[in-house]
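Engineer: Sequence:
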Amino acid sequence: MKKRTKKAFLLFLETPYARLLFFILSMIYFELLFRLWVFGSLSAVGTAYSVLFSIPAGTAVFMLTSFIGKRVNRFLSCALVLLCALPYAVQAVYHHIFKTFLFLYSVFGTNQVFQFYKQIFAAIVKCLPVILPLFLPFVIMLTFGRKYFRFNPLIWRFLPMSAAFFAVTHLVAILVMSVLPRGLYSPYDLYFNTAAPELSVQKLGLFTTMRLDLKRMILGKYDGTETGEDPDSTPEEENLPKTDPENSGNDLPAPEPVYSPNVMDIDFEKLIAAEKDSTLLKMHRYFSSVEPTMQNKYTGMFKGCNFIFITAESLSHYVIDRDLTPTLYRLANEGFIFNNFYNPNWGVSTSDGEYVACTGLIPKAGVWSFYHSGKNWLPFVMGNQFLRLGYSSRAYHNHTYTYYKRNISHPNMGYIYKGVGNGLKIKNTWPESDLEMVDVTTPEFINDEKFHVYYMTVSGHLSYNFTGNYIAYKNRHLVERLPYSDAVKAYLACNIELDRALELLLKRLEEAGVDGNTVIAISADHYPYGLSNENISELAGHNVESNFELFKSAFILWKKGMEPVVVDKACSSLDIIPTLSNLFGLEYDSRLLMGRDILSNSEPLVIFGNRSWITDKARYNAITDKVENLSSEELSEGYVDKINGIVNQKFQYSALILDKDYYNIVLPRKDFDVRD
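For the sequence shown, our numbering assigns the number 117 to the initial residue and increments by one for each residue that follows.
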């Protein structure tokens, strides 16, 4: 029996099917190994579809290596196995650093990423346990391929058979998706409609996700727009009843009974009647049906004040400490105190985090949204708003001024923008000092009659160690005795630099006599993903839950002398712009933003990058499709589906605002822009 089996195996190796099987098994191997490394487990649905789509993928590789001569086919077999392994290795390293997946569009910006070659090298070393096994099929093909596989060109009768096998196996995978439930975030929806990379990798596999990303990048269509489906079937606010803030789990006083809505004079009926473009028609109908948020007790509270807006690199509420970071502690406890603020992680790391905080929009998957917004009219960003009011409007970043193409996005927000390389002169270190940035920039605006300033800091940037991080090394003596690991101590040392920068900023404001008329708002671009989850749990003092709690953060909103206001309402960085707009009494249309004024009576809705969400009634984990009831009342039938629909609408219409330059259609730039 053993001899027969061996003989049959050797005969099988003489056929083209042996190499076909090798390529299919290699693709399955790549998928499962990557899945185990990134997610730590093999989910039934994700594993099944990874295997199903690996079969036609392996068949395609086989066909590409079977048309020419033996030597060329052998070379192509080795080269393509290597080429197929590379994306998995690259994605493993990228995910290790940024905790998200690499869009193909972002590959065009990797020249900037190579500024961080030390961090990349360190990540490669840490990912060797998965990188080395990923290249095992290549080693096998290179070492044993000549001996065990035939590389002769396929004879004519095998060509249609191979093509048919490819088509049938691909159609089987599609058919399985089609006959199973096809609801929102199902494998079918993620394949044909919704561009949600993390969910897609989980449920379809990395290869299929990257293939879909390539298709959508070429076609320029994401988030269901390529199918022509109508995403405006349900006006969002019909599903989110208004609540009395006094009874919604926070300490805000109840608003007066009569307030006006935060809207602008947009004649949607006229726009709908005249519109010929089907997508714009859907947008007009959707936004006209969104119920606006109302003005409230806090409307205009900061009207006429100067405003300093800070996006702080990797800031966490865990670093706010009375003794270690006293200025952060003061600002966090003497203004609005947001106890349930979240800072979700998005696809393009810092840039997307900035985009959300500065625009109140959800980033579009697969592109650099902030850079693309540089050609659009953004009437609701703080720079353009304050510029219209006669304020000086400046922005600073203490790293390379072109990084993430901020030289395009930030001037478009109404700012005179300076970074390292176009006017901001600070020491050449890595990372650069927030303290130095504040020191050299405050003289530029502190004596202006009215000013608005935006800072994007960098001192809190990874990697968190005392050998390759200048700021951590600089402040090491301040954290050496703390009972934490070196990574956590280095992270705290980096944030001490931000605290010292804020201390100097307050001192300069006081010296200029404008400290009592200046508002400061601070939020992070993302959670500190340069720390491992174990490090974050160490800092928190307990095991941090990874789908929701990991993204809990700080939103500091302070004005000297104000009575502290405690807000327990769930909120996120998406809500910053509408909240600030209302507090400063700015003219804006709440229907056209994806976030909501936190201080209004609107129902809370926190949206995460992977399509999970939190309301006051429940929280939904889109990865596991599990719902947790947060109230004592039973959830109404269809509640989860309704909120999922609202979240999906926000992703779709936010992307369309970017694609269509929609603000310029309903609120033309020529009617508002005051720049020369």
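Hints were generated in silico from the structure; no laboratory data involved. A virtual CB, placed ideally from N, CA and C, is assigned to each residue, including glycine. Please note: incorrect hints may appear among the correct ones.
Claimed, not checked - Simulated pairs of lysine-lysine, DSSO-like, Cα-Cα distance not exceeding 30 Å:
(1) 419 with 234
(2) 331 with 419
(3) 541 with 331
(4) 676 with 398
(5) 386 with 215
(6) 541 with 413
(7) 392 with 331
(8) 758 with 398
(9) 215 with 234
(10) 676 with 419
(11) 758 with 419
(12) 676 with 413
(13) 521 with 543
(14) 541 with 590
(15) 776 with 521
(16) 541 with 491
(17) 398 with 786
(18) 234 with 541
(19) 786 with 758
(20) 491 with 566
(21) 234 with 263
(22) 215 with 331
As the list claims (entries may be wrong) - Label-pair restraints from in silico Cβ distances:
(23) 788 with 537: 29 to 37 Å
(24) 191 with 275: 40 to 48 Å
(25) 594 with 787: 45 to 53 Å
(26) 527 with 336: 42 to 50 Å
(27) 202 with 537: 16 to 24 Å
(28) 420 with 157: 21 to 29 Å
(29) 295 with 449: 27 to 35 Å
(30) 559 with 787: 33 to 41 Å
Engineer: Flag every earlier hint the structure violates by its number, smallest first.
Structural biologist: When the structure is compared with the hints, numbers 1, 2, 3, 4, 5, 6, 11, 19, 21, 24, 26, 27, 28 and 29 turn out to be violated.
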